[in-house]
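Chains as they are written, first to last, in this note's numbering: chain L, 86 to 874; chain E, 14 to 302.
In short, the hints are calculated from the structure, not lab data.
Any given hint might turn out to be false.
[Claimed, not checked] So, partial list: chain E residues that the calculated Cβ filter (under 7 angstroms) puts toward chain L:
#  : residue
1  : Ser38
2  : Glu39
3  : Thr45
4  : Val50
5  : Val54
6  : Tyr73
7  : Arg75
8  : Lys113
9  : Glu205
10 : Ser248
11 : Gln258
12 : Pro275
[What the hints assert, rightly or not] Below, a list of computed lysine-lysine pairs in the PhoX-like style, where the Cα atoms sit at most 25 angstroms apart:
#  : chain 1 : residue 1 : chain 2 : residue 2
13 : E       : Lys93     : E       : Lys138
14 : L       : Lys711    : E       : Lys218
15 : L       : Lys578    : L       : Lys109
16 : L       : Lys170    : L       : Lys440
17 : E       : Lys220    : L       : Lys562
18 : L       : Lys684    : E       : Lys218
19 : L       : Lys684    : L       : Lys803
20 : E       : Lys220    : L       : Lys655
21 : E       : Lys210    : L       : Lys522
22 : E       : Lys210    : L       : Lys524
23 : E       : Lys281    : E       : Lys63
24 : L       : Lys655    : E       : Lys218
25 : E       : Lys210    : L       : Lys711
26 : E       : Lys220    : L       : Lys649
27 : E       : Lys210    : L       : Lys655
28 : E       : Lys218    : L       : Lys562
29 : E       : Lys218    : L       : Lys649
30 : L       : Lys136    : L       : Lys109
[Claimed, not checked] If you want the footprint, here are the derived chain L segments under chain E, 3+ residues with CB under 8 angstroms:
#  : region
31 : 759–770
32 : 791–798
33 : 855–863
Positions of the beta carbon are idealized from the N, C-alpha and C atoms, including for glycine.
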Amino acid sequence: MQKLLTLALLLLMMQSNSVYAQQKSVISGYVRETGSRELLPGVNIYVPELKTGTVTNNYGFYSLSLPSGTYRITYSFVGYQPVVKDIIVNKNLNIDIDLTSSILLEDIVISAEKAERVSESNRMSTISMPVSQIRYVPALLGEKDVFKVLQLMPGVQKGSEGSSGLYVRGGGPDQNLIILDDAPVYNAFHLFGFFSIFNGDALKSVELTKGGFPARYGGRLSSVVEMTMKDGNKQKFAGEAGIGLISSRLLIEGPIKKDTSSFIVSARRTYIDILTRPFMPEDANGGYYFYDLNAKINYDLNRRHKLYLSGYFGRDKFQFIDRYSYDNNYYKNKGGLFWQNATGTLRWNHQVSNKIFTNTSLIYSSYDLRIFNEEKDKYGTYSLKYNSGIRDIALKYDLEYHVSGKYLFRAGMSTTNHLFTPTAVVEKDSQTLYDFKNKITYNSQESGLYAENHININNKFQANAGLRFVHFIANEKSYYFLEPRLSMNYLIKEGLSAKAAFATMNQSIHLLSNTGIGLPTDLWVPSTDRIRPQNSKQISAGLAQDLPEKNLIITLEGYYKWSKNNLGYKPGASFLLLDDPTDAQSFTWQDNVTAGEGKSYGVELLVQKKTGKLSGWIGYTLSWTKLRFDEINFGEYFWARYDRRHDISVVAIYKLRENITLSGTWVYGTGSAITLPLGEFPATNWSPLTQYIPNNQYYYEYYNMVTDYGEVNSFRMKAYHRMDLAVQFHKQMKRHKRTWEIGFYNAYSRKNPFFYFIENEYDGQSSISKLKQVSIFPIVPSITYNIVF
Amino acid sequence: MKTYKALLFALLISLMFTGCENMISEVDAPATEPKLVVYSVLSPQSDVIKVRLNKSRPLYTRWNYENNNGYLTVNNATVKISDGVTAKTLLLDSVDDHYKIDSSEFRIIPGNRYFLEITTPEGDKATAECTIPSGTHPAIELISIDTQTEYGETVYMVNFRFRDTPGSNQNYYVAPAYIFSEEISGTEYIYEIGLSKGDAFFTDKNKDGEYFIFRSSGIHSSVIGSNFEFMVFLSITGDELYHYQKSVTGFQGDNPFQEPVPIYSNIKGGLGVFSGENTVYTTIPFAIR
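Input sequences plus hints: build the corresponding full structure.
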């Protein structure tokens with residue numbers, strides 16, 4: 086089946102090259118934001134007379150081939166005033182457009198007459214998140230978080246309470262390709278998953294793809310979250326600052342050379358450690374903080390060449406120092422846990438012609454976890470350092486060829502060198518002269534080559550047919566894969582279309598997690614000669630409807646996804662890094678894992694209103710996710726922990742007055758599937774020696790007291806639901822605009838389950854076990870102050 | 014301004030409310046009843062067929078410390094074994110609380126399927142079935158004997174291997190042991206000593222036809238004296254016993270960093286295991302230096 090599909094795609098590609106390569110005049114250019122000169126990706130360019138159009142790419146570039154004539158062309162983008170231009174097309178033209186942000190305009194109710202028509206896009210299962218909307222959605226402690234907003238979309242589920250992890254269509258958090266300016270991010274979370282590392286102030290665009298993946302994406306099974314950082318204001322210095330209950334942040338941007346180059350720097354730091362310091366005992370101190378820093382500079386060499394250098398650095402640090410004296414001896418014990426992400430991207434945009442646009446990126450990304458402990462007294466010093474991590478260096482090249490108004494060809498390649506360090510331990514004891522070092526590394530190379538064909542076959546039918554070739558080598562073992570991709574759109578009538586897509590994906594890296602909740606101690610490991618890459622196949626089909634008169638977009642999608650070679654710890658295998666880091670010395674991860682498969686299917690409904698006085702969306706997901714591992718649940722299928730039958734989210738943002746915005750969200754999710762103890766019994770240990778006891782000898786048959794759990798994940802936690810509310814007061818001051826926000830997370834203080842435990846109650850004669858639920862967030866009020874200058 | 018004050022007041026009230034809130038609450042536990050726990054492993058080499066019956070203790074109901082801590086031995090059950098043609102009833106041996114029948118009355122034959130049915134006057138009913146493995150036992154090959162000195166005495170470790178029978182799809186259990194006779198009384202003792210290298214219980218899945226290599230745990234010269242035999246017991250087991258034993262030995266209680274390990278069961282209407290095994294042993298000549 087897959088071979089047939091691949092062959093069909095290749096034929097389609099060859100056909101399309103000959104059919105659509107006709108000569109016409111080309112209008113091309115860049116779409117920017119008025120004032121800041123920020124390039125805008127995803128802007129819709131539409132020619133009503135021809136019922137054709139295009140969208141700007143990630144770098145704000147567009148190209149449209151049109152027959153000679155006079156046309157009225159509309160440039161529109163959510164959150165911006167649309168621009169309509171009458172253009173005489175009789176030769177190739179460069180037309181750059183500036184769009185004005187609607188939030189800067191007084192008394193304008195945003196109307197996007199031809200904004201982003203999902204019914205006319207050949208992509209499906211894709212969500213473009215308007216970054217400007219994220220700042221209005223209520224958040225825990227007022228900390229705006231892109232990932233928490235993505236969790237409110239159908240098909241995307243959160244893990245446990247407060248966690249920023251994404252579970253997309255039944256896939257695990259490791260199966261999401263999270264890209265910041267082309268650089269993959271490995272552990273995208275602060276504070277054990279409560280906050281994501283992405284500072285919304287610095288982001289220009291966020292796009293989530295859940296299925297129907299275009300061939301340019303590869304390397305993960307479940308989703309692609311592509312984020313682009315702002316370039317920085319090219320005309321004047323500007324900034325934003327915010328003060329919250331646990332953190333503050335600052336963003337500054339401005340021109341280096343007006344209209345040619347600019348910079349942007351944004352930073353955020355928590356101050357839980359500073360707030361708690363006065364309450365720490367005198368002989369001990371410690372604390373926790375995280376910070377992150379985004380920076381980007383860009384330079385327009387000329388109209389055809391642009392350079393961007395961007396980077397991210399973020400670190401979480403938890404540490405303690407403990408000192409005391411006893412019997413003329415002093416003791417000092419210090420230790421800690423920290424983890425950090427760093428990414429860097431150097432990009433070169435080259436507009437080769439008015440039809441061809443290329444981008445070359447040199448990418449660096451790393452994730453490091455370190456645990457250290459040092460104990461000192463007058464006899465000597467004992468120290469232990471443990472670390473694990475992953476480092477990527479990659480080169481990526483992408484080409485877009487706007488062959489005609491009906492045919493866009495994309496191709497590209499990428500190659501990434503991964504250096505995995507699952508464990509590195511250094512242990513020293515100055516008293517016993519013990520000196521132990523152990524470091525395990527894996528060097529691997531992952532490469533991809535792709536071609537995509539966006540074809541408008543006629544006014545009703547369009548398709549994106551692509552093929553990706555993947556090569557992965559580690560431990561001298563090579564894997565090759567061919568990944569066919571296809572997505573199609575058929576316009577049933579104006580504003581209503583039917584869509585279908587197929588994608589196969591491979592993932593050569595795996596995340597080993599003991600708890601499934603995404604702790605920084607989870608290990609990134611490569612595929613090896615013993616561990617095969619993960620693979621998935623997904624089909625999806627659905628309907629998309631635009632109701633422009635009501636500003637509504639409705640999408641209904643069904644999907645079925647199979648995955649195999651998923652990796653998990655064997656039952657009983659435990660990497661108790663937090664308990665005892667020295668265990669890492671003898672831990673061999675390849676012996677402690679088991680391979681499995683999964684299937685996930687469901688239906689997703691999204692009703693979205695992106696503009697207007699009242700905006701927001703309602704999302705509903707009905708889904709099933711099952712897993713099967715050779716050595717878990719005795720090889721039988723079981724419900725995934727985050728299998729969620731019903732998932733509902735309602736998001737509403739209401740502009741009460743020009744200076745007051747009200748917002749609210751309500752979420753509901755079926756309880757997580759967990760394995761719960763039901764009873765206890767003595768389980769006899771078997772040994773063949775019981776049959777061979779010499780006469781008159783008693784062989785001791787021994788028992789383990791074990792728990793009767795029933796089947797794996799056969800019990801459901803209580804359902805999760807929560808309402809968040811916020812009100813924002815905006816005021817234009819003399820030199821800046823300020824916003825006060827008062828928010829209430831979990832406004833009706835629902836006790837949602839975080840985890841369950843068993844508590845035994847004794848009365849001297851008898852005992853009973855009680856099932857207890859721990860919730861972590863009751864109603865949590867917050868207040869934040871933001872300024873934009 | 015009034016709105017701000019009202020909101021700030023509401024915020025303060027909420028903060029106070031948050032501080033008092035108890036975030037641990039009791040939730041409804043699933044209703045559970047005591048279940049029959051069956052343990053029976055059939056072997057063609059055994060003189061007697063044994064079935065042990067217990068009842069599990071449900072967690073969310075009250076139990077008294079008396080009565081064997083809530084783990085009831087079941088001694089009023091009717092236990093029947095059948096090969097599909099002939100059925101026999103096992104009788105309770107009150108000395109060790111096992112239901113038994115002599116193998117001379119009911120033979121266990123490799124390759125045959127057996128059925129177990131248990132009923133109690135209280136209305137419990139459990140059934141199970143299993144097949145006795147009939148595969149060929151690979152030959153054990155001695156590789157070497159390592160020695161080392163610990164606190165002045167010699168410790169021996171025996172390296173041995175065998176090659177899986179290709180295409181056999183077998184589960185193996187390997188148990189090194191030694192038998193020695195006490196010098197004065199002449200009484201024989203047998204000890205299973207475990208492995209210091211290699212997994213004792215494993216399957217040939219994905220390793221068909223491969224060699225499996227083992228090293229015994231240390232045998233201390235002070236314990237064995239000079240009059241002993243080294244043996245390797247090699248069992249081919251049913252899938253049920255393989256899954257059961259793996260889950261029992263892998264069980265580690267409540268470890269928050271570990272997914273719970275459920276205990277395998279093939280008993281319909283109960284817990285535990287009913288399976289078959291087929292064991293041979295090899296004596297390895299062992300010359301003490």
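Consistency of the hints with the structure:
This hint holds: Ser38/E has a C-beta 5 angstroms from the nearest C-beta of chain L, less than the 7 angstroms allowed. Interface restraint check for Glu39/E: the shortest CB-CB distance to chain L comes to about 6 angstroms, inside 7 angstroms, so the restraint holds. At its closest, the beta carbon of Thr45/E sits 5 angstroms from a beta carbon of chain L; the interface hint therefore holds under the 7 angstroms criterion. The beta carbon of Val50/E is positioned within 7 angstroms of a beta carbon in chain L (closest approach about 5 angstroms), and the interface hint is therefore held.
Against a cut-off of 7 angstroms between C-beta atoms, the interface hint on Val54/E holds, since the closest Cβ of chain L lies about 6 angstroms away. A cut of 7 angstroms between beta carbons decides the hint on Tyr73/E: the least distance to chain L is about 6 angstroms, and the hint holds. Contact between Arg75/E and chain L, as hinted, is supported at the beta carbon level, the nearest pair being about 4 angstroms apart and thus within 7 angstroms. Because the smallest distance between the Cβ of Lys113/E and any Cβ of chain L comes to about 13 angstroms, over 7 angstroms, the interface hint for this residue is violated.
Annotation: Glu205/E was flagged as interfacial toward chain L, and the flag holds, the nearest CB pair being 5 angstroms apart, inside 7 angstroms. Evaluation of the Ser248/E hint against chain L yields a held restraint, the C-beta minimum of about 4 angstroms falling below 7 angstroms. Taking 7 angstroms as the C-beta cut-off, the interface hint given for Gln258/E holds, the closest approach to chain L being about 5 angstroms. Proximity of Pro275/E to chain L holds as hinted, the smallest CB-CB distance being about 4 angstroms (cut-off 7 angstroms).
Restraint check: the Cα-Cα separation between Lys93/E and Lys138/E comes to about 12 angstroms, which is no more than 25 angstroms; the hinted pair holds. Between the alpha carbons of Lys711/L and Lys218/E the distance comes to roughly 23 angstroms, so the proposed pair stays at or under 25 angstroms and holds. This hinted pair does not check out: Lys578/L and Lys109/L have alpha carbons roughly 28 angstroms apart, beyond 25 angstroms. Annotation: proposed proximity of Lys170/L to Lys440/L holds, straight-line Cα distance about 21 angstroms (limit 25 angstroms).
Between Lys220/E and Lys562/L the alpha-carbon distance is near 19 angstroms, which keeps this suggested pair within the 25 angstroms criterion. For the suggested pair Lys684/L and Lys218/E, the alpha carbons sit about 23 angstroms apart, so the restraint of at most 25 angstroms is met. Between the alpha carbons of Lys684/L and Lys803/L the distance comes to roughly 24 angstroms, so the proposed pair stays at or under 25 angstroms and holds. Restraint check: the Cα-Cα separation between Lys220/E and Lys655/L comes to about 18 angstroms, which is no more than 25 angstroms; the hinted pair holds.
The hinted pair formed by Lys210/E and Lys522/L meets the criterion: a straight-line CA distance of about 23 angstroms does not exceed 25 angstroms. Taking the CA atoms of Lys210/E and Lys524/L, the gap is near 23 angstroms; set against the 25 angstroms cutoff, the hint holds. For the given pair, Lys281/E sits about 19 angstroms from Lys63/E by alpha-carbon distance, which is consistent with the 25 angstroms threshold. A distance of roughly 16 angstroms separates the Cα atoms of Lys655/L and Lys218/E; the hinted pair therefore holds under the 25 angstroms criterion.
Taken as a hint, the Lys210/E and Lys711/L pair is broken in the structure, with Cα atoms around 36 angstroms apart against an allowance of 25 angstroms. Restraint check: the Cα-Cα separation between Lys220/E and Lys649/L comes to about 20 angstroms, which is no more than 25 angstroms; the hinted pair holds. Between the alpha carbons of Lys210/E and Lys655/L the distance comes to roughly 19 angstroms, so the proposed pair stays at or under 25 angstroms and holds. Under the criterion of a C-alpha separation no larger than 25 angstroms, the hint pairing Lys218/E with Lys562/L is consistent with the structure, at around 22 angstroms.
For the given pair, Lys218/E sits about 18 angstroms from Lys649/L by alpha-carbon distance, which is consistent with the 25 angstroms threshold. For the hint linking Lys136/L to Lys109/L, the alpha-carbon distance of about 17 angstroms falls within 25 angstroms, and the restraint holds. Counting residues of the region 759–770 of chain L whose beta-carbon sits less than 8 angstroms from any beta-carbon of chain E gives 11, enough to reach three: the coverage restraint holds. Only residues whose C-beta sits within less than 8 angstroms of a C-beta in chain E count toward coverage, and the region 791–798 of chain L has 7 of them, enough to reach three; the restraint holds.
Check result for the region 855–863 of chain L against chain E: holds, 8 residues qualifying (beta carbon to beta carbon below 8 angstroms, three or more required).
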